[in-house]
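There are 2 protein chains.
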Amino acid sequence: MTDDKALTPRSEDFSAWYNEVVQRAELADHSPVRGSMVIRPWGYGIWENMQRALDDMFKETGHENAYFPLLIPMSFIEREKEHVEGFKPELAVVTHAGGKELDEPLVVRPTSETVIYAMYAKWVQSYRDLPILLNQWANVIRWELRTRLFLRTSEFLWQEGHTAHATDEEAQEETLRMLGVYRRFMEEWIAMPVVTGLKSDSEKFAGAVRTYTCEAMMQDLRALQAGTSHHLGQNFSRQFDLTFQTEHGEEEYAWNTSWGVSTRLVGAMVMTHGDDAGIVVPPKLAPVQVVIVPIYRKEDQRAAVVEKAEELKTRLGEQGMRVRVDDRDHLNPGAKFYEWERKGVPFRIEVGPRDLEKGQVVLVKRVTAEGEDRKEFLPEGQAVAELSARLDAFQKELLERARARRETHSHRGAGSIEEVGEILDSSGGFVYTGWSGDPSVEERIKAETKATLRCIPDPDFRSETPPERCVGGERATSEVLWARAY
Amino acid sequence: MTDDKALTPRSEDFSAWYNEVVQRAELADHSPVRGSMVIRPWGYGIWENMQRALDDMFKETGHENAYFPLLIPMSFIEREKEHVEGFKPELAVVTHAGGKELDEPLVVRPTSETVIYAMYAKWVQSYRDLPILLNQWANVIRWELRTRLFLRTSEFLWQEGHTAHATDEEAQEETLRMLGVYRRFMEEWIAMPVVTGLKSDSEKFAGAVRTYTCEAMMQDLRALQAGTSHHLGQNFSRQFDLTFQTEHGEEEYAWNTSWGVSTRLVGAMVMTHGDDAGIVVPPKLAPVQVVIVPIYRKEDQRAAVVEKAEELKTRLGEQGMRVRVDDRDHLNPGAKFYEWERKGVPFRIEVGPRDLEKGQVVLVKRVTAEGEDRKEFLPEGQAVAELSARLDAFQKELLERARARRETHSHRGAGSIEEVGEILDSSGGFVYTGWSGDPSVEERIKAETKATLRCIPDPDFRSETPPERCVGGERATSEVLWARAY
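Protein sequences appear in the order of chains A and B. The numbers in our numbering rise by one with no breaks, and the one at position 175 of the first sequence is 175. The numbers in our numbering rise by one with no breaks, and the one at position 320 of the second sequence is 320.
It should be emphasised that the hints constitute simulated quantities derived from the structure, not laboratory data. Computed from a predicted model, the values in this text were never measured in an experiment. Using N, Cα and C, we set each Cβ at its ideal position, and we do this for glycine too. Do not rely on the hints blindly, as some may be mistaken.
Stated by the list, open to error - Listed next, the in silico EDC-like pairs over lysine to aspartate or glutamate satisfying Cα-Cα at most 20 Å (straight line):
#1 A:122 <-> B:20
#2 A:59 <-> B:101
#3 A:88 <-> B:101
#4 B:446 <-> B:464
Stated by the list, open to error - Sample of chain B residues at the chain A side, in silico, Cβ under 7 Å:
#5 14
#6 36
#7 69
#8 94
#9 101
#10 118
#11 119
#12 155
#13 330
#14 331
#15 393
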């Protein structure tokens with residue numbers, strides 16, 4: 001199925017562009033089930049590459065994978081007061097099973113703190129059993145009325161890490177370690193720069209003591225929360241009797257952390273790098289990094305160019321690149337070009353009869369900077385020798401481009417709520433100001449500008465001269481980041 | 001947590017042994033949710049190795065992964081008549097979500113034919129869009145009253161392949177191709193020989209035209225269905241309007257297949273290879289293939305032996321082996337030996353101060369044949385050089401041992417239902433007989449002997465001289481395999 005109709009340009013309607021590009025790049029499709037999506041092979045291939053990279057990083061930092069039940073008794077969810085308040089409106093509930101009404105309804109997990117810490121309570125006796133450092137790859141359900149593919153769906157795929165520690169300090173270290181893992185992953189793999197920092201009380205996870213977040217800027221200059229890491233303190237261990245005997249023989253509650261990222265990251269990638277021709281997949285995540293399109297008019301030319309394409313594929317594949325030859329006969333080259341551009345493959349190689357004669361290939365880069373050639377004629381040997389380095393360079397360019405955009409659209413110096421509103425109305429983006437810590441300022445900003453407090457940024461992201469006044473007028477106790485968000 | 005109490009011997013109570021060994025090897029644990037289990041890191045690590053091997057085999061045979069919704073409208077499940085009859089009693093049903101009663105109840109998927117073929121119908125227009133060759137890794141729920149860890153739980157993890165083809169022949173080829181993949185995986189990775197063959201009508205998948213199965217023999221001589229591959233014909237494509245335009249411009253229904261294996265395979269591995277000391281994990285699946293235990297009495301000996309252990313780990317790791325050094329201080333070596341034996345690690349290396357002096361290590365093999373040394377003193381260099389080959393040999397020995405056991409307990413020549421019963425009562429195992437194709441013979445055998453028709457074996461497994469008479473007395477039209485089964 002090909003579809004050469006142009007996409008709605010981003011500048012015209014970013015939201016329409018997003019919906020179209022996700023479906024026409026065959027990342028995902030709406031399903032007949034309200035609020036749920038189907039992740040198609042191209043989208044799932046990107047997610048698999050994300051999973052593998054994250055999983056390696058989790059294992060390098062000492063974590064193991066496990067699997068906990070999908071269905072959780074309602075009474076478990078209700079045990080932690082803030083937790084149930086946060087999640088109750090979004091729960092999907094199984095009331096009947098095996099042909100009977102259940103004595104106690106079961107909740108399809110919206111997140112797994114409750115059932116996981118109940119199990120840890122069974123496994124932990126002494127400080128020697130700590131820390132427990134587990135992760136699970138799973139599906140979760142949070143009922144949503146207004147859904148968008150990848151960004152907000154009733155069901156999504158994610159990983160949730162859950163750890164238990166003997167001390168508050170260790171749990172805090174773990175919370176920050178995983179925040180750092182997320183930041184590194186988003187920068188190095190998705191080529192998506194993020195601002196890390198602490199959530200305010202009103203934005204933190206239901207049941208957490210502290211929530212840290214990675215905030216990314218999309219091309220429409222809105223913020224997207226891309227991942228969170230929570231210090232849960234002893235909130236859950238108290239409810240689930242997760243105690244341990246210390247070295248000195250005392251009984252204490254363990255300290256927990258949890259942290260997660262989801263298939264939302266695929267949407268974040270789309271909105272960070274995509275253009276009016278389609279999505280752009282960073283080389284490290286691309287299921288196909290190089291597509292080779294053999295060009296021929298007559299049937300007697302076909303064999304030679306397809307053979308050359310296959311040979312190139314082998315030579316590039318031997319260097320570890322993921323390469324596909326598109327030798328479909330019922331599509332003309334132009335249709336193939338459009339399709340692979342829409343799907344965001346980083347490089348395309350074209351080989352035709354004349355290229356064969358000259359020992360050259362045509363190399364086309366998915367995204368070029370001003371003044372850079374999009375299409376190059378390269379001696380075949382040079383193309384084979386350089387392509388791996390060009391993929392690396394492309395990966396870096398995408399990150400730099402996104403970082404430059406974020407810097408261009410980060411505003412510092414607003415001194416009042418009105419100024420915050422003016423900046424957001426006139427140019428959008430990230431607005432850094434002082435804050436007194438007063439939640440009523442958050443409420444006023446939300447009401448007047450539709451922006452939320454995205455985070456209290458980590459030192460890396462703070463202004464050189466910290467603002468002294470809160471936009472609400474009081475003395476500032478911290479610098480914060482405001483933005484309109486997904 | 002260690003626990004040195006001996007396991008119930010298999011000969012005394014196989015079922016009790018199984019339950020104990022699964023929990024004490026830390027493969028899985030009962031969860032507070034009825035019928036659901038928690039897969040612990042050791043069990044999940046084995047499942048991850050299974051997944052990776054299968055996933056590679058699926059991709060080599062042209063399949064891609066995708067993801068479809070967990071919740072399926074009840075009306076979808078009801079569309080294929082036999083399908084709903086088969087699954088209705090086991091469904092878990094979401095009736096409420098987002099704080100409201102749903103207009104239409106949603107079923108937690110017991111399998112995904114219905115929603116997947118509904119999507120294929122949307123994606124397929126012409127023969128050019130075929131075949132579709134997708135797989136998904138997912139959790140499913142089939143409500144069970146009597147559950148057993150890994151073997152029968154309300155929730156389990158599995159993969160389900162779903163394909164659509166332009167012709168009946170192609171679908172049949174695919175069905176058999178995937179049966180072959182399963183057989184190869186079970187033999188080469190789980191070291192578990194299987195009999196492949198066709199299910200009788202009474203045992204086939206609800207909605208299939210033909211179901212093929214892999215049947216393995218457990219150590220208690222009962223059969224376990226380890227994986228199935230279904231030719232679905234046009235049963236689902238008719239219900240979900242999955243049509244395509246042929247090369248000649250005609251509209252036709254597509255032909256489907258589906259095939260799956262699950263975490264049940266972890267249970268199959270336990271019951272195939274485990275012994276009274278614990279489980280035995282085939283080297284190719286073992287999260288840890290070699291555990292190194294440093295032995296020391298005094299603190300001043302510790303540094304040198306731990307350093308040697310780490311050095312050995314590095315040298316073995318460089319050859320691609322998965323190695324762990326167990327340098328926990330609060331356990332004595334004996335407790336560590338028991339623990340890793342219980343967890344089924346193929347080889348253990350011990351290094352003590354005297355071994356250091358002599359430049360040797362102690363190598364202990366998890367399972368030995370009669371007359372073979374369990375414990376060997378080997379020059380260090382020899383151990384490092386040979387261990388990889390010894391792991392390969394161990395993998396093969398496990399398969400051969402299981403195959404020999406199956407052959408010993410396979411019985412041919414029974415001519416009547418009474419004889420089948422006598423064989424099963426006196427020795428158990430697999431019984432091959434002739435069959436007329438009459439389902440009433442299956443019913444009588446089930447009533448009188450508790451055995452079921454496991455399959456009509458593929459040529460590889462048939463008797464040299466095919467039986468001429470059915471055990472029911474009529475002329476035999478095929479040879480079949482009977483067994484008491486899980």
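Evaluation of the interface hint that places residue 69 (chain B) against chain A, nearest CB under 7 Å:
Hint on residue 69 (chain B): holds, closest Cβ of chain A at ~4 Å, below 7 Å.
Holds or violated: residue 119 (chain B) as interface residue toward chain A, Cβ cutoff 7 Å?
Holds, about 5 Å.
Would the hint on residue 14 (chain B) be counted as holding, given a Cβ-Cβ threshold of 7 Å to chain A?
26 Å, violated
Restraint status (C-alpha distance of residue 59 (chain A) to residue 101 (chain B) at most 20 Å):
Roughly 42 Å between the alpha carbons, so the hint for residue 59 (chain A) and residue 101 (chain B) is violated.
Was the hint right that residue 94 (chain B) lines chain A, CB cutoff 7 Å?
Holds: closest Cβ of chain A sits about 5 Å from residue 94 (chain B), inside 7 Å.
For the hint on residue 155 (chain B), does the least C-beta distance to chain A fall short of 7 Å?
5 Å, holds
For residue 88 (chain A) and residue 101 (chain B), compute the direct alpha-carbon distance and say whether it is at most 20 Å.
With a Cα-Cα distance of about 14 Å, the restraint between residue 88 (chain A) and residue 101 (chain B) holds, given a limit of 20 Å.
Does the CB of residue 118 (chain B) sit less than 7 Å away from some CB of chain A?
6 Å, holds
Holds or violated: the hint that residue 393 (chain B) contacts chain A, with Cβ atoms closer than 7 Å.
29 Å, violated
Hinted contact residue 331 (chain B) with chain A - closest CB pair below 7 Å
9 Å, violated
Hint check: is the beta carbon of residue 36 (chain B) less than 7 Å from a beta carbon of chain A?
Hint on residue 36 (chain B): holds, closest Cβ of chain A at ~4 Å, below 7 Å.
Has the given pair, residue 446 (chain B) with residue 464 (chain B), been kept, meaning a C-alpha gap of at most 20 Å?
26 Å, violated
Figure legend: structure checked against the earlier numbered hints; hints not met, in rising order: 2, 4, 5, 9, 14, 15.
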